[in-house]
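Asks: Join the two chains into one complex using the hints; note that each chain is given alone, in its own frame.
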Amino acid sequence: MVRDRKQNRVIEESPLGPIDGCHGRRRGDPIVWQSQGSLASRRHFMCTAGAATLTMAPLAAFADPIVKLPLPGGPDERPITTAFPQKGALILQRTRPPLLETPFEVFDRSVFTPNDQFYVRWHLALIPTTVDPNSFRIAVRGHVNRNLSLSLDDLMAFPQVELVAINQCSGNSRGYFQPRVPGGEWSNGAMGNARWTGVRLKDVLDRAGVKAGAVQVRFNGMDEPVVSDAPDFMKSLDIDHARNGEVMLAYAMNGEQLPLLNGFPLRLIVPGWYSTYWVKMLNDIEVLDQPDTNYWTKTAYTIPDTPRADIRPGETDVKFVPISRMVPRSFITNIKEGDTLQVGASTLARGIAFGGDSGVSRVDFSSDGGKSWQAAALGTDEGKYSFRQWQLRFTPPTKGNQVLMVRCTSSSGEAQPDTPNWNPSGFMRNVIERTAVVVA
Amino acid sequence: MTRALLPIALVVGVAFAPVCARAESQLSLKSVSVDLPPGDDMFPNGPGADAINNNCLACHSADMVLNQPALPMTQWHAEVDKMRTAYKAPIDPKDVDGILDYLFSIKGEK
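So the sequences go chain by chain: A and B.
The letter at position 284 of the first sequence is residue 283 when you use numbering that gives the first Met the number 0, and the numbering goes up by one with no holes.
The letter at position 32 of the second sequence is residue 31 when you use numbering that gives the first Met the number 0, and the numbering goes up by one with no holes.
Honestly, the hints are just simulated from the structure, not real lab data.
Any given hint could turn out to be false.
Unchecked claim - Calculated lysine to aspartate or glutamate pairs in the EDC-like style (CA-CA distance at most 20 Å, straight line): (1) A/K297 <-> B/D96; (2) B/K87 <-> A/D228; (3) B/K81 <-> B/D96; (4) B/K106 <-> B/E78; (5) B/K29 <-> A/D153; (6) B/K106 <-> A/D75; (7) B/K109 <-> B/D96; (8) B/K87 <-> A/D231; (9) B/K29 <-> A/D131.
One chain only, chain B, in its complex shape (with noise of 0.2 Å):
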């Protein structure tokens, strides 16, 4: 199966300049109506969870921040401040500190 694969892409190629018109196409555009995956998992427990879960998971799930390599506070702080400052995200100032604790627990260049 495998060795026929090149074969078989120059027959479709041959039917298709890179650039062209073409006919008017038969395409009838159809109504599109998803359910998306919530996404709404908690971190899991940790020195300042609370923090993190309180104040990040509105824009986006846990699993980004879990998906992570291991990092130095300096990149971690720079981290929050750009979802801060960039990105306008609402962290109660009060928090951001819990929020650094748990980034370096769990994902802390040491």
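Okay, chain A solo, but in the shape it has when bound (with noise of 0.2 Å):
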């Protein structure tokens, strides 16, 4: 399992090692476009049931092509896809590198996110898109005692773990930023959770035995930049961090190995963090003495170093801080803006709340704007990390227009706020959500 150091190296050199085919194009090179896959192959990669999706609800058929989201100026529409390879019906953000959020309906039917409908990001064009588990390895390297490069079967080796956690883009909602900022105009979809099952990477870490010195820990996939001096994406998380025992190396999502487009055959899992940490076909493990400068980790996914990382626009000589912990939020799932809801009609609300790097204290429920809350029933708890169902019936007392609110409190007291944040980069929106409904 000890690998030399040139053996190592070649590793290095050679990140693609058992991959065959490659998403994109590198500039100057012949356009083969590949064609889409067939829907045989989909239907066969598509996920069985496991232990968590049998309690899904049946797949929705999606008649209609185009979904609108209330993103504020628009542009509202997007196409709703089924042409990704093991997905099924996605809205469509970008084409290439994938962009594919999760419908919102999919969070009524379960805490638990099936993996044919899991989000989609990578930022980088060129995808393997072929992978052979049998060839895989990874390598473990850097300010450690011993040099390792282990295959799927080695690290299967390693004690067995499953942790459910949530799984959110920074930018999830970044659409409802105002003023409008660039990026992924996702809606409230680029989230996600699973149950993953893998090993400790303190383990694994353990194997390789990290050096007195080290202080941060780089993770590298196996995508690259089309253009060949782009910066690699890279993410690190300090060393304590990484050997906290709860940040993993997981090969299977809701008990399937993962989508490749959701980082088969291995992921990084960072509970309680935002997903730009959760590198996707990870395939490299370096141990750093020095903190990490490389542009994923320093420059790009920064936020304000201040309350909420909430600035005015415009606002400048602000520090900036990579972004870290997730924040508490929460959603109405099973009633959308405009729907006519019954006066004097006793009404089911139902929805999913999350803590951020805690778990749920309690949810609350305003059927008035916010005038009056009541507190909701939770549902099984998966855990701090996980989404956590809640409900409770209201009944709207008189007709007319009325906003739904619901607030998460964390276990750790943490809030949803009133007002939105703002940040050039639309990163960690969290307000309340507002729900019109028409009570008639």
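Replies: This is the structure:
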């Protein structure tokens, strides 16, 4: 299992070793565009029911190929696509590299997001399209006593752990920032919750033997930039975080191997932190004795070092720091903007909440635009990093326009704010959601 | 059906603690080979369309740009600059003005 330095270097130089296909092209290459996968092959790869997916309702048929996202100022129309391998109906935000959003109704069906509708976000367009788990190796190297090159079988020999955790894009809900900001113009579906199975990063690092003086651990996946001198996508965690026993290398998601677009065969799981750290197709772990200065860790994905990452548009002289932990959010999933509710009728409101990097303490609901609040009943606790379902019944007292609101308070006492935050990257939105309805 | 969701989730939840070591899984990972949609649609016609088609589509599909909100010219300038400096986009300098003309014509905050 312990490889000598020379073999390890080979892995560094050929990160695409077992890979023989790529998405995208390099500038100047002859353009040979791939055809889309056949429906039959997509069906073959669609998630077969595992323990968690058995609870899912059958997939809805999306007759309408266009979804309207109520983004202020627009554009508000996006196609619903079924053209991506191992994936069902998703909102198409960008074809290449793929940005695919989970349709919001999926979150009403279960706290577990099915693999075939789990959102997708890639930064770089050269994505391996063929991955052989038998020839896959992950390198562990750098400031360690022994360089490792581990097969998936080697990894599976470590103690197996499971964890339910939310993966949320830093820019989830960016499309609702006002003034609007450039980037992936997501509605609220750049998030998902899954049961991850794999091994502790700590156990793998211990096998390599972290040397004294290590400060960070850097993670790299098999994706590559089209322009060869563009920064490769890598992220780093502080050494103590990497060794906290919760950060995982996952080879299964909801009881199945990961869809390729969610990082097959191996993905870093950083519970409670934004998805930017959850490196996909992870094949290189480098222990550093100096802080990482690479673009994606130091420069990209930074937020104002202010409460709630909130600044005024145009504000200058702001210190920016890398984004890190998530913050509480909650959503109504069974009542949509513009729905009509019946006056005087007992009405069910239901949804999901999460605490960020701690659990859900309480969820409060208002059916009168925030004048009064009532506590919702909470569903099963799948762990502090999971979505938690909430529900309650209420009776709309009078006819007219009304605003429904839902507010999560985390188990560390952090509540969602009344007013939205703003920053130039559109990160960390967690304002109390408002759903306008008509009572008739 | 919808009211049954919480009780069903409860049954599943009992079976798994949040983090727990379990018996070795029977999971056997299978080789995957897929095709991804090419995303090679060109930008709609407009002033500077040739410049944006020639310089921007190597790294990303056009829909990313077409889904952006209207932004001020200074911000479009910053975006193109970020593509050139941070992401090393090999944009021909003589095409920068054409790209900006196009972006502002379709997505300019006027």
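Asks: Are any of the numbered hints broken by this structure? If so, which, sorted upward?
Replies: Of the numbered hints given earlier, the structure breaks just one, which is hint 1.
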